[in-house]
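Participant: Single-letter residue listing:
Number of protein chains: 2
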Amino acid sequence: MDTEAVRSFVRAAELGQLQHAADELGVTQQAVSKRIAALERELDVRLFTRTARGVELTLDGQALLPHARDIVTGVDRAITAIRPGSRALRIDVLGLRSAQAVVLHDYWRSHPETDLDVVTLRVNDPRLVVTAVQAGDIDASFRSVTDPATLPRDVQMIHAFDSPLELLVGPRHPLASARTLTPSQLRRHRIWVPGIAPRSEWAEFYDQLATDFDLRIDAAGPHFGDEVLLDILADSADVATLVGSRDRYIWPTNHDLRRIPIVNPTLAYPLFLILPRANPHPGLRAVINHLGSLAPLPETVWRPSWATTAHDGDDRPRSDLHRRR
Amino acid sequence: MDTEAVRSFVRAAELGQLQHAADELGVTQQAVSKRIAALERELDVRLFTRTARGVELTLDGQALLPHARDIVTGVDRAITAIRPGSRALRIDVLGLRSAQAVVLHDYWRSHPETDLDVVTLRVNDPRLVVTAVQAGDIDASFRSVTDPATLPRDVQMIHAFDSPLELLVGPRHPLASARTLTPSQLRRHRIWVPGIAPRSEWAEFYDQLATDFDLRIDAAGPHFGDEVLLDILADSADVATLVGSRDRYIWPTNHDLRRIPIVNPTLAYPLFLILPRANPHPGLRAVINHLGSLAPLPETVWRPSWATTAHDGDDRPRSDLHRRR
DNA sequence: AGCGTGCCCAACCGATGGTTGTGGCTCGCC
DNA sequence: GGCGAGCCACAACCATCGGTTGGGCACGCT
Numbered sequence: 001m002d003t004e005a006v007r008s009f010v011r012a013a014e015l016g017q018l019q020h021a022a023d024e025l026g027v028t029q030q031a032v033s034k035r036i037a038a039l040e041r042e043l044d045v046r047l048f049t050r051t052a053r054g055v056e057l058t059l060d061g062q063a064l065l066p067h068a069r070d071i072v073t074g075v076d077r078a079i080t081a082i083r084p085g086s087r088a089l090r091i092d093v094l095g096l097r098s099a100q101a102v103v104l105h106d107y108w109r110s111h112p113e114t115d116l117d118v119v120t121l122r123v124n125d126p127r128l129v130v131t132a133v134q135a136g137d138i139d140a141s142f143r144s145v146t147d148p149a150t151l152p153r154d155v156q157m158i159h160a161f162d163s164p165l166e167l168l169v170g171p172r173h174p175l176a177s178a179r180t181l182t183p184s185q186l187r188r189h190r191i192w193v194p195g196i197a198p199r200s201e202w203a204e205f206y207d208q209l210a211t212d213f214d215l216r217i218d219a220a221g222p223h224f225g226d227e228v229l230l231d232i233l234a235d236s237a238d239v240a241t242l243v244g245s246r247d248r249y250i251w252p253t254n255h256d257l258r259r260i261p262i263v264n265p266t267l268a269y270p271l272f273l274i275l276p277r278a279n280p281h282p283g284l285r286a287v288i289n290h291l292g293s294l295a296p297l298p299e300t301v302w303r304p305s306w307a308t309t310a311h312d313g314d315d316r317p318r319s320d321l322h323r324r325r
Numbered sequence: 001m002d003t004e005a006v007r008s009f010v011r012a013a014e015l016g017q018l019q020h021a022a023d024e025l026g027v028t029q030q031a032v033s034k035r036i037a038a039l040e041r042e043l044d045v046r047l048f049t050r051t052a053r054g055v056e057l058t059l060d061g062q063a064l065l066p067h068a069r070d071i072v073t074g075v076d077r078a079i080t081a082i083r084p085g086s087r088a089l090r091i092d093v094l095g096l097r098s099a100q101a102v103v104l105h106d107y108w109r110s111h112p113e114t115d116l117d118v119v120t121l122r123v124n125d126p127r128l129v130v131t132a133v134q135a136g137d138i139d140a141s142f143r144s145v146t147d148p149a150t151l152p153r154d155v156q157m158i159h160a161f162d163s164p165l166e167l168l169v170g171p172r173h174p175l176a177s178a179r180t181l182t183p184s185q186l187r188r189h190r191i192w193v194p195g196i197a198p199r200s201e202w203a204e205f206y207d208q209l210a211t212d213f214d215l216r217i218d219a220a221g222p223h224f225g226d227e228v229l230l231d232i233l234a235d236s237a238d239v240a241t242l243v244g245s246r247d248r249y250i251w252p253t254n255h256d257l258r259r260i261p262i263v264n265p266t267l268a269y270p271l272f273l274i275l276p277r278a279n280p281h282p283g284l285r286a287v288i289n290h291l292g293s294l295a296p297l298p299e300t301v302w303r304p305s306w307a308t309t310a311h312d313g314d315d316r317p318r319s320d321l322h323r324r325r
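So the protein sequences, as listed, match chains A and B.
Under my numbering, the first residue of the first sequence carries the number 1, and numbering increases by one thereafter.
Under my numbering, the first residue of the second sequence carries the number 1, and numbering increases by one thereafter.
Everything labelled a hint here was simulated from the structure, so no lab data went into it.
Among these hints, one or two may not hold up.
[Unchecked claim] Result set (SDA-like, lysine to any residue): computed pairs, CA atoms no more than 25 Å apart in a straight line:
#: 1; chain 1: A; residue 1: Lys34; chain 2: B; residue 2: Ala38
#: 2; chain 1: B; residue 1: Lys34; chain 2: A; residue 2: Thr80
#: 3; chain 1: B; residue 1: Lys34; chain 2: A; residue 2: Ala149
#: 4; chain 1: B; residue 1: Lys34; chain 2: A; residue 2: Glu4
#: 5; chain 1: A; residue 1: Lys34; chain 2: B; residue 2: Ile79
#: 6; chain 1: B; residue 1: Lys34; chain 2: A; residue 2: Leu128
#: 7; chain 1: B; residue 1: Lys34; chain 2: A; residue 2: Val72
#: 8; chain 1: B; residue 1: Lys34; chain 2: A; residue 2: Arg83
#: 9; chain 1: A; residue 1: Lys34; chain 2: B; residue 2: Glu4
#: 10; chain 1: A; residue 1: Lys34; chain 2: B; residue 2: Asp2
Predicted, not measured: the structure shown is a model, and the values here were computed from it.
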């Protein structure tokens, strides 16, 4: 099926004449006629009844029309999504089921007219991410550069939101029945966080966390998939892991696992947005406003060192960037 | 853009290998390769990075993928909508902004997975509608046959729901400030209902209505469009019209018009569903159940004569067909 | 090094989709 | 009723496309 034929069908149905549709589409009337005929042959139905005044939809044509419109708008959206120059807003996240993606999905549900594409750079090195932002391959990235001195002049990093951590344990774990936990209560329990790339921002985060609260965090070893991790947690009496409280999609509930909030202090994994300093994508402003409207964290919060230094990269106070609409 | 190319792109992205996508689609790997290359040429971007193990999406490919999925599902829906034999549920309504269409739209919004097509037979003669139902061109029709004796044996007509009438007047009309009206209060006011085909069910309805309540209903003359009618109503101090209370879409509010409910008795225009007696479309049952769950009318209701005689065409009581789920 | 795998390129060929030109049909008008 | 206008379909022609087969290159594995 040729989408130009579908487009011709839609316009012909709306205008009532192949001739007008042809004029509008910049082809001859005969071309439109052949396109329609090809559609009719492919679908094995008659789409129009030909009259002296033009064409009129048959029942099958009426049934097809809304779907044809869907196809045409889908094609248009696809083109705008990747058109070089003025393409749709494109934001990089670490994973499609991460807290960042959930927040973006929330944003898109409240602004469904936005042409927003969520992608994942398949690289771990933050410098490559910064390069991608500089080059305009992506409009923004939910990543962190732990050393702000490495940021080039034309790229800024602003605080997006914090993701509070929760403990995820199976039913046989000694902490399974707690309603909340403090970090010191985790001491001497084995916490296993697989799939952390060495020297990544997450490795740095867990390193500081283990040091500050004297915890046993095992962040080495490969990650064999969420399902494997969940199976191990569900069976084990002494292994726990940490997950972001917004990562709703990651952890299906069919393993009888417990999510236990950690408080006093709340452990906040800070998420930043890396974006070009000059001429950011026009749609980005609304996303940043949405980030500012997220529920704030309670008073007592622990953050890693790089979240406490200034990162906003401009002279305006943070409340300006995060202002509510 | 060729939708088969889009489909190939989606499958290749999901499977990670052109070869597998080609096997699945029943073409050679080279064909898929050329399809992808054609897409890339048309969109002027690279969609995959070719590796030794297969292919991997680029950023542009990632951005395109969800839109490509939309296109593919749109095409599939379009095909199922008109595939002879097992096509989507197809229901005929009088107009796309009529109460029937509104009710169907409500149904579809609560069951968005239903493949439902709303069409309009461009005929006035109810016998042609019955023929279309018999032939299977449509699965059901929201029309009425005022004389049930004319229904063939293999077609039935069941009561769908009632549409209460409201008076629509401009601000200068003497009844404009009434909260509600009774039919007798309409006596001697001029009621203009344009666009009623002679001897149609609507003509019959207004005829009975005028006789039973001694009203002045002018149902003759052509209809020059809703906008013209609204303009006339807004300016006139003595012309009113009747509209169905569910016909929300028809009457935009920018003319400062008043909708006044009519009560004691409520004037109910009854809507029926004409459908084949044997082997109706499987999706039709759920629609009928939805009709039964609509808010019922108050006690005192006036209906035309044909709504009071039995039309259901089977021996079951009406409450069975209209049972709530 | 040899092999398997997976992709691209080249050559070929029938089908497709565009064009121009023409004909048939219906409708409105004189 | 004849006639022109408007609109769509058909025919002929041609460039392009989209499929096939065959071959080659790059990469990873043993």
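Participant: Work down the list of hints and note, for each, if the structure agrees.
Facilitator: Comparing the hints with the structure gives:
1. A C-alpha spacing of about 23 Å is found between A/Lys34 and B/Ala38, which places the hinted pair at or below 25 Å, so the restraint holds.
2. This hinted pair checks out: B/Lys34 and A/Thr80 have alpha carbons roughly 23 Å apart, not beyond 25 Å.
3. This hinted pair does not check out: B/Lys34 and A/Ala149 have alpha carbons roughly 46 Å apart, beyond 25 Å.
4. Note on B/Lys34 and A/Glu4: the hinted pairing holds, with a Cα-Cα distance of about 19 Å set against a maximum of 25 Å.
5. Between A/Lys34 and B/Ile79 the CA atoms are separated by roughly 19 Å; this keeps the pair inside 25 Å, and the hint holds.
6. Simply put, B/Lys34 and A/Leu128 have alpha-carbon atoms about 31 Å apart, too far for the 25 Å limit, and the pair is violated.
7. Among the hinted pairs, B/Lys34 with A/Val72 is consistent with the structure: their alpha-carbon atoms are about 23 Å apart, no more than 25 Å.
8. About 21 Å separates the Cα atoms of B/Lys34 and A/Arg83, which keeps this hinted pair within 25 Å; it holds.
9. Taking the CA atoms of A/Lys34 and B/Glu4, the gap is near 19 Å; set against the 25 Å cutoff, the hint holds.
10. Distance check on the hinted pair: A/Lys34 and B/Asp2 sit about 16 Å apart at the alpha-carbon level, within 25 Å; holds.
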